[in-house]
Amino acid sequence: NAGVTQTPKFQVLKTGQSMTLQCAQDMNHNSMYWYRQDPGMGLRLIYYSASEGTTDKGEVPNGYNVSRLNKREFSLRLESAAPSQTSVYFCASSLVHLLTYEQYFGPGTRLTVT
Amino acid sequence: AQSVTQLGSHVSVSEGALVLLRCNYSSSVPPYLFWYVQYPNQGLQLLLKYTTGATLVKGINGFEAEFKKSETSFHLTKPSAHMSDAAEYFCAVSDKSGGTSYGKLTFGQGTILTVHP
Numbered sequence: 001n002a003g004v005t006q007t008p009k010f011q012v013l014k015t016g017q018s019m020t021l022q023c024a025q026d027m028n029h030n031s032m033y034w035y036r037q038d039p040g041m042g043l044r045l046i047y048y049s050a051s052e053g054t055t056d057k058g059e060v061p062n063g064y065n066v067s068r069l070n071k072r073e074f075s076l077r078l079e080s081a082a083p084s085q086t087s088v089y090f091c092a093s094s095l096v097h098l099l100t101y102e103q104y105f106g107p108g109t110r111l112t113v114t
Numbered sequence: 001a002q003s004v005t006q007l008g009s010h011v012s013v014s015e016g017a018l019v020l021l022r023c024n025y026s027s028s029v030p031p032y033l034f035w036y037v038q039y040p041n042q043g044l045q046l047l048l049k050y051t052t053g054a055t056l057v058k059g060i061n062g063f064e065a066e067f068k069k070s071e072t073s074f075h076l077t078k079p080s081a082h083m084s085d086a087a088e089y090f091c092a093v094s095d096k097s098g099g100t101s102y103g104k105l106t107f108g109q110g111t112i113l114t115v116h117p
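Protein chains in written order, with our numbering: chain A, 1 to 114; chain B, 1 to 117.
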């Protein structure tokens with residue numbers, strides 16, 4: 001049981017390049033989330049998917065797109081990377097049912113945009 | 001919109017001393033409450049959660065937190081700090097009213113705990 005996995009672990013992009021961050025979970029969770037973490041700002045929600053086939057914007061969606069490929073996989077795409085998108089990106093999943101709200105996090109992707 | 005405030009971006013304690021990390025939330029309805037820990041270069045790990053019932057919640061690694069509705073607080077404590085507790089700690093809340101907020105977490109800014117020998 002691998003939990004939440006993310007690829008790649010590290011990435012360096014030039015301004016204007018595109019890339020897709022991959023996330024997969026094997027816990028049969030219905031909801032998945034993408035966050036970015038910047039020093040002193042906690043985690044900010046970029047996009048989330050409450051269930052397979054649905055996606056919604058979070059707090060900071062500009063410059064990103066997502067795809068919920070199936071129940072297991074949720075990808076985050078940067079179409080034209082900007083230096084302001086330099087951050088650590090975390091994927092999380094949860095089984096949102098009654099009292100079960102906790103989210104399980106992947107190890108993160110450290111992205112640098114030059 | 002909900003918000004979470006963690007008082008003190010850095011807390012430093014001696015090994016064996018009490019650890020107290022503060023968290024206050026703003027919500028008209030008491031939310032679900034969580035504490036997560038993040039060790040360097042790792043993802044977040046759930047320490048403990050409050051959803052309903054007993055207001056004193058025990059978590060992993062000897063940590064506990066108490067939900068105080070009147071103070072809108074959920075402070076994290078540990079009686080005796082250990083060197084291995086050095087990490088960043090995040091308080092988070094989830095709106096349990098359903099709708100578009102269903103399952104989403106709002107995080108505080110984080111508190112870095114340093115433990116001195």
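If you are wondering where the hints come from, they were derived from the structure by calculation, not from laboratory data. Fair warning: there could be bad hints in the mix.
[Stated by the list, open to error] Over the 10 Å line for every Cβ pair with chain B, so calculated as not near, a few chain A residues:
(1) 16
(2) 53
(3) 80
(4) 83
(5) 86
(6) 102
(7) 103
(8) 106
(9) 108
(10) 112
[To be verified] SDA-like, lysine to any residue: derived pairs with alpha carbons at most 20 Å apart:
(11) A:57 with B:62
(12) B:58 with A:49
(13) A:57 with B:38
(14) B:49 with A:96
(15) B:68 with B:83
(16) B:49 with A:5
(17) B:58 with A:102
(18) A:71 with A:2
(19) B:69 with B:9
(20) A:9 with B:43
(21) A:71 with A:84
(22) A:71 with A:42
(23) A:57 with B:3
(24) B:49 with B:12
(25) B:49 with A:57
(26) A:9 with B:62
(27) A:9 with B:58
(28) A:9 with B:7
(29) B:49 with A:95
(30) A:9 with B:75
(31) B:58 with B:69
(32) A:71 with A:86
(33) A:9 with B:69
(34) B:49 with A:104
(35) A:9 with B:49
(36) B:69 with B:43
[Unchecked claim] Cβ pair distances, simulated, as ranges:
(37) A:28 with B:52: 35 to 43 Å
(38) B:5 with A:84: 39 to 47 Å
(39) A:73 with B:41: 37 to 45 Å
(40) B:71 with A:41: 37 to 45 Å
Glycine residues also receive a C-beta, built at the ideal position from the N, C-alpha and C atoms.
Hint says 37 to 45 Å; check whether the CB-CB distance for residue 73 of chain A and residue 41 of chain B agrees. Given range 37 to 45 Å: violated, Cβ gap about 24 Å.
Restraint check for residue 49 of chain B with residue 95 of chain A, where alpha carbons must lie at most 20 Å apart: Given that 20 Å is the threshold and the Cα spacing comes to 15 Å, the pair holds.
Regarding the assertion that residue 102 of chain A does not contact chain B, is the least Cβ-Cβ distance greater than 10 Å? 5 Å, violated
For the pair supplied as a hint, residue 71 of chain A and residue 86 of chain A, is the alpha-carbon distance within the 20 Å limit? Distance ~28 Å between residue 71 of chain A and residue 86 of chain A Cα, so the pair is violated.
Status of the given 35 to 43 Å range, CB of residue 52 of chain B versus CB of residue 28 of chain A: The hinted range 35 to 43 Å is violated for residue 28 of chain A and residue 52 of chain B, with Cβ atoms some 24 Å apart.
Are the Cα atoms of residue 9 of chain A and residue 69 of chain B separated by 20 Å or less? 40 Å, violated
Next pair to validate is residue 49 of chain B with residue 12 of chain B; report whether the Cα-Cα distance is within 20 Å. 24 Å, violated
Could you grab the alpha-carbon distance between residue 68 of chain B and residue 83 of chain B and see if it respects the 20 Å cut-off? At roughly 29 Å apart (the allowed maximum being 20 Å), residue 83 of chain B and residue 68 of chain B break the hint.
Below or equal to 20 Å on CA atoms is what counts here, so check residue 9 of chain A against residue 7 of chain B. Measuring from Cα to Cα gives roughly 31 Å; hence the hint is violated.
Would you check the hint for residue 58 of chain B and residue 49 of chain A, treating anything up to 20 Å between C-alpha atoms as holding? 30 Å, violated
Cβ distance range 39 to 47 Å for residue 5 of chain B and residue 84 of chain A, holds or violated: Violated, since residue 5 of chain B and residue 84 of chain A (Cβ atoms, about 25 Å apart) do not stay within the stated range.
Starting from residue 49 of chain B, check that the Cα of residue 104 of chain A is at most 20 Å away, please. Roughly 13 Å between the alpha carbons, so the hint for residue 49 of chain B and residue 104 of chain A holds.
When held up to the earlier numbered hints, the structure conflicts with 6, 7, 8, 9, 11, 12, 13, 15, 16, 19, 21, 22, 24, 25, 26, 27, 28, 30, 32, 33, 35, 36, 37, 38, 39 and 40 and fits the remainder.
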